[in-house]
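S.K.: Letter by letter, the chains look like this.
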Amino acid sequence: MSIEIEHLNYIYGDETAMAVKALDDVTLTIPDGQFLGIIGHTGSGKSTLMQHLNGLLKGSSGRILFDGQDIYEKGYQLKDLRRQVGLVFQYPEHQLFEIDVFSDVCFGPKNLGLPKEEIEERAKRALESVGLSEDYYHQSPFDLSGGQKRRVAIAGVLAMEPKVLILDEPTAGLDPQGREEILTLIKKLQTESHMTILLVSHSMEDVAEYVDRILVMNRGRIFLDGTPKEVFAHYKELEEVGLACPQVTYVMHDLKEAGFTVDVDATTVEEAKRSILQALSLA
Amino acid sequence: MNIVKADNVVYKYERHDEEGNVEGYTTAVDHVSLDVKEGTFIAILGHNGSGKSTLAKHINAILSPKEGTVWVDGLDTAQEENLWEVRQRAGMVFQNPDNQIIGQVVEEDVGFGPENMGVPTKEIWERVEESLRAVGMYEYRKHSPNRLSGGQKQRVSIAGVLAMHPKVIVLDEPTAMLDPNGRREVIRAARGLNQVEGVTVILITHYMEEIVHADQVFVMDHGKIAMEGTPREIFSQVEKLKELRLAVPQVTLLAHELKQSGVPLPDGILTRKELVEELSKVCRSR
Amino acid sequence: MIRDITLGQYYQTESLIHRLDPRVKLAGTLIYVITLFFYKNFVGYALAIFFLATVIRLSKVPFKFMVRGMKSILFLLMITVLFNLFLTPGTPVFTLWKLSITKEGTSLAVSMALRLSLLVIGSSLMTLTTTPNNLTDGMEKGLGFLKIFKVPVHEVAMMMSIALRFIPILLEETDKIMKAQMARGADFESGKLIARAKAMVPLLVPLFISAFRRANDLAMAMEARCYRGGEGRTKMKPLKYRGRDYIAYLILFLFMFGSIWLGRLTLPMLMVG
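Residue numbers (my numbering), protein chains in the order written: chain A, 720 to 1002; chain B, 196 to 481; chain C, 276 to 548.
Hints listed in this document are in silico derivations from the structure and should not be mistaken for laboratory results. Incorrect hints may have been included.
What the hints assert, rightly or not - With a straight-line Cα cutoff of 25 Å, these simulated DMTMM-like cross-link-like pairs (lysine to aspartate or glutamate) come out:
no.: 1; chain 1: C; residue 1: K451; chain 2: A; residue 2: D862
no.: 2; chain 1: B; residue 1: K476; chain 2: A; residue 2: D984
no.: 3; chain 1: B; residue 1: K437; chain 2: B; residue 2: E404
no.: 4; chain 1: C; residue 1: K473; chain 2: A; residue 2: D819
no.: 5; chain 1: A; residue 1: K740; chain 2: C; residue 2: E447
Said to hold, decoys possible - Here are a few chain C residues that face chain A, going by a calculated C-beta distance under 10 Å:
no.: 6; residue: L445
no.: 7; residue: E448
no.: 8; residue: K451
no.: 9; residue: R459
no.: 10; residue: A461
no.: 11; residue: D462
no.: 12; residue: V476
no.: 13; residue: L479
no.: 14; residue: V480
no.: 15; residue: P481
no.: 16; residue: I484
no.: 17; residue: R488
Where is the CB? At the ideal position from N, CA and C, for every residue including glycine.
The shape of chain A in the complex, shown without the other chains (with noise of 0.2 Å):
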């Protein structure tokens, strides 16, 4: 069970002459219950990627197996993948519509057609799992904060039991505490139930201590792809295109060449100062 693409392409504007690749020749293979972020500017094919994963764009060529199956396959049921890949997308205000909060959530497994009781079930536990208690079933959810309206859309998301779950910026516009709080849940997500979770930003600092894998997008080409410590080694190429590593990265690197005997793959705080600590020691 996995995620496989083979030489995925797509363009937009095909018959005119602004036609635009938005993704050039992308192959990828995601295993089940990683944690894998996807990182690169606006307009680097991060969001569009993702859209391609649940059917909601088509790839121009290339294929995409799930689960082993092609889905571009004839009488291959997008409904199907939906289901079983659920995207978050940027925005709440874009996906919250119903009177409570409650029914809101329950907005995704109804339209699976499953039988009520399993409905609010499902919406029970979506509700549990992102941390949102039952005061707030009856609440109107455009009256929450910004970050109970990420909590309320991933719920939404999940009343859907996805295998695969895609977040897109979960964390725009949240404050340092909220953003905290909803990588938090994510990660936990992760370990408890063991989806599968792709998360897309453009910020390496935010994704570098929870995420297992990351995946560098620039200009709609796979630029990096390997374990933070691995991508941030290239924190120089990376620079280039105009993304930056965490700031520890570059003061390791700084420290180095100033001539301590630091490690310099260390990626969070935690890690830099344990080296650092070691190195004056050692001195």
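Go by the hints and put chains B and C onto chain A.
M.R.: Showing chains B and C alone in chain A's frame:
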């Protein structure tokens, strides 16, 4: 008198129940006083809901204080007859780049403010050119705003305000909806306004790395000013900032953690360079 | 992408017609359309075709763009022609079963087809050569005299230009909301009419909320930039008549009187209906 002065400002929102009756009040700004010297770069920090944007809207007379007074360039903003004068002297840039551009062509949008003020046609053109050059968007003057990136749109908005020749520009979370590149562009433009054009800048944000160059920082929490000082003074209180739901830049945090572990470092380290220098000093002294 | 669609189908090029003051083009279109209804013989139509062809030539807009506008009225055009052809009483020329084509019917059908085509091509020429912006400016100034009758000319023009700016943004947003709901299993395509109408709720609610929010933000941003209605406002790009505009007006009036005079002459063989 200072360019912006707030004295014991209080602002309350009405809360309504389901029938629309007034249920009670939420105090968004709670007895805030502040003084801003002409030509300085001021930052107001705070998490979402701390009252920073509500305070900002008082400077442009979009909101009037329920108690206390706000003066802009000596004008009381609550006085009806000062309204347009205040709005011309204190310009405002908002968060959402799409919702503040009126023109269908970049240059026409920048001309919107001066048109409203009744500036003669020839002078409007001069102001538009000079403002677009100041934010580095002159080459895009004939473009449709819909084709620009978020950072470019915000720079157009800044130019639109600049063309009104204000003394103060309030930027209300101008970077909250932008990607890192866009954020850098906008902050650079804001610093340019302050240093080159000499405009007083008041930047409202929750990103701490954007305030490193400010002359003075106010941190808001629960409608009150919780901290006040230079960036260095503010950054040196890492624990307090965490309590106020703000994220300290990694360099400052790292320095703080090292200090906690017994490394003799000074408080409030702001840049990579400082940290490396200080650590080298520590190393040599051992 | 959706943001790239052009509204009002403006065709970007440099030409004398593009440079004309929008008020001239508005008045010209109005005159041209009115004259089309005055012709009683085919000489009038011939003159109108000649006039239109000359203007199209001058505008440098490829003819296929004009025909594009015709596609949408093709059905209407056919119905009109068929009705006139078969249902006009008079001297039969050709009889098919119970229906007969009359001499009068033929000439009426041709005249109607000509009138409709000329109408559509002529008015699309105006939108092809004038930016929406310029058009609203032209309407604001050209209809300024209506202010004495308390018609809020400035406000209406401002509303039109704001709408033109926000329509592409809202279209893009509609696309995003649709995708977000489809990802939750919403189905916008299948089902009966009532089911489909119900399926629109999850699309329309977020869209309306967003539109109101944008309107609110925009109003605040406009006030912050000292907008207080049309009073005391100056213009960055004021409309000013130039020599060519006066000449254009002169030609227009000559065309109007000339074509009506010729078009109403009683000429046997060339009469309509």
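S.K.: Would the stated hint for C/L445 survive a check requiring a Cβ distance to chain A of less than 10 Å?
M.R.: It is violated, given that the least Cβ distance between C/L445 and chain A is near 12 Å, above 10 Å.
S.K.: Let me know if the C-beta of C/V476 comes in closer than 10 Å to any C-beta of chain A, holds or violated.
M.R.: 7 Å, holds
S.K.: Hold the hint about C/K451 up to the distance rule: shortest CB distance to chain A must be less than 10 Å.
M.R.: 5 Å, holds
S.K.: May I ask you to test the interface hint for C/R459 with respect to chain A, counting a Cβ-Cβ separation under 10 Å as satisfied?
M.R.: Holds - the Cβ of C/R459 comes within 10 Å of chain A, reaching about 4 Å at its closest.
S.K.: Using 10 Å as the Cβ threshold, decide whether C/L479 counts as touching chain A.
M.R.: 8 Å, holds
S.K.: Against chain A, run the beta carbon of C/D462 and see if the smallest gap drops under 10 Å.
M.R.: Holds: closest Cβ of chain A sits about 7 Å from C/D462, inside 10 Å.
S.K.: Compare the distance between the alpha carbons of B/K437 and B/E404 with 25 Å, and conclude whether the hinted pair is satisfied.
M.R.: 15 Å, holds
S.K.: For a C-alpha distance cap of 25 Å, please report whether A/K740 and C/E447 respect it.
M.R.: Within the cut-off at roughly 20 Å; holds.
S.K.: Hint check: is the beta carbon of C/P481 less than 10 Å from a beta carbon of chain A?
M.R.: It holds, given that the least Cβ distance between C/P481 and chain A is near 5 Å, below 10 Å.
S.K.: Using Cβ atoms only, decide whether C/A461 comes closer than 10 Å to chain A, and label the hint accordingly.
M.R.: 6 Å, holds
S.K.: Hinted pair, alpha-carbon criterion (25 Å max): C/K451, A/D862. Please report holds or violated.
M.R.: 22 Å, holds
S.K.: Double-check C/V480 for me: the hint is only fine if its C-beta lies closer than 10 Å to a C-beta in chain A.
M.R.: Since chain A brings a Cβ to about 4 Å from C/V480, closer than 10 Å, the hint holds.
Going through the hint list in order, the structure does not satisfy hint 6, though it satisfies all others.
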